[in-house]
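S.K.: These protein sequence lines are chains A and B, in that order.
Take the first sequence: its letter number 215 is residue 215 in this note's numbering, and every next letter is one higher.
Take the second sequence: its letter number 115 is residue 115 in this note's numbering, and every next letter is one higher.
Honestly, the hints are just simulated from the structure, not real lab data.
Note that the Cβ used here is the ideal one computed from N, Cα and C, for glycine as well.
There's no promise every hint is true.
[To be verified] To give an idea of the chain A side of the interface with chain B (calculated C-beta under 10 angstroms), a few residues:
1. Glu85
2. Ala87
3. Gln89
4. Ser144
5. Ala151
6. Ser154
7. Gly155
8. Val157
9. Lys172
10. Ala173
11. Lys195
Letter by letter, the chains look like this.
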Amino acid sequence: MTRGRRRSSPRRSKSASGAALGAVWLTLAATLGLAACGGGDDNGSGGDRPRLVVSAASSMTEALTACAPKFERATVRLSFAGSDELAAQIRQGLKPDVFAAANTILPRDLNDEGLLSTPVEFATNELVLAVPRDSDIRSLDDLSRDGVKIAIGSGSVPIGSYTRDVLSRLPKAESEAILGNVRSNEPDVKGIVGKLTQGAADAGFVYVTDVNATDGKLTAIALPNDLQPTATYAAGVVKGANQPAEAHAFVDGLLHGACAEELDKAGFGAAP
Amino acid sequence: MIDRSGLRSSAGKVGGRSRAAPWFPALLGLALAAALTFLTLPVVAIFVDSSPRDLIDSLGEPGALDALWLSLRTTTTSLAIILVVGTPAAYLLATRSFRGKALAVTLVELPLVLPPAVAGIALLAAVGPSGILGGVIEAAGIELSLQTAGVVVALTFVASPFYVRQAMAAFAAVDRTLLDASRTLGASEARGFLRVMVPSAMPGLTAGAALALGRALGEFGATLMFAGSFQGITQTVPLAIYDRFATDFDSALALSAVLVAVSGAILLSVKLVQGSEVLGAPQG
């Protein structure tokens, strides 16, 4: 192969490939430069402030992203994922400073295992049936129809276990029909919302706050009160955190402070 | 330590170029050792962290078997599509010159460097239910998203460039006098392609197919975004690993071990087919 290439007009191809190589290196250098600038900004705005790493459930993405810059004692770096995944990371030895979960079980378990401070309950959320704006699905009853495509949370994430709780309280035939229409078990709330907004799924169970965050693309259908699970959010400080004092202050701020306000604005309920 | 003192001593003898600089081979060796450790340690840890017994137990679980079976079906289907369409396409790109050829080659290779998440979004925007071709596909009665067919689409999208690239190189390297000879003997171009070009390029084509298979087997992001995750339908092995990561780390390890073994076997077979110096065998 190389022999063939060498044979064809060596001078021209040499200069052409030289130019191409130059372009590649320029691109790489520019990327590196950008990355360095990005990092510089991060440090620059933080000055000598400590950096606080907050692992939080996906459902709080909008609220915490809005309030994190207002936290005065540290530069907050947020990491969002399914609560179970974040908990698993902590079990595998990752040490964020704060863990804020979409349930009370995971923080309690981590506390029992000596990995988290005593959890603080800071908000509640409401489970709803979410459908695209123009959907003809009006209630839970419509979910058992043939051909309705449903996306729910995987059994290991809080949203998925809340959903299964709700379904288990329905008459057996109905809950089986609904589960039979489930086409995807998503690893976090974003996956469900994405499938709905893209029209890949017809209905899904998410938190009311997730529907609020879609700016009207999705409609929330409230669940009957007797089916509504209590989705209580709890947070704690990870044992061995780099910034324990700031972490405790951040957790307090989830109850009263800028983050509490943003959570309220996003549709979260007050802590029980 | 070694390299710094080495630098100083070499700076002193700029003229002595041909003289052996003992620090340089040492530096090379050090770099190789670092690279090998960094690259193999995580893979080795998968096997160290789990006993063979646990591995086998976890694989017996129905969800894991479903994932393995689904991965096998979807990767082979997408490989078949890639071979049937990719081989003639690569042949054309490798043997003809035409306006816009460089652009065509670049476009074909683009998915190579696309992040999987971008591939997922792009597929949704193109062939998702509300994508630009979504209506056409729906009218044709085809359902892709949240279906096994969607997994095949995602795998084909991300894996085909690996094959086409390799196949182009393989066709380009075939001695054209063979094809010309077959043409002078009266064979049609199609016959020449099938009887002369494809057999001559076979080692390269096989290597490309194996690479594409390996990439398809590991596909995660585009599959999750475009096809979702459902046991037996769209939950391939990488998705099953992710699903188990939080709840059942042992099972996630077991599935990872299977992928490592299969991917390793694929890579090894590529090396053998290419006849390159896998274990230091001299080149022919």
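S.K.: Does the structure break any of the earlier hints, and which numbers would those be?
M.R.: Those not satisfied are hints 4, 9, 10.
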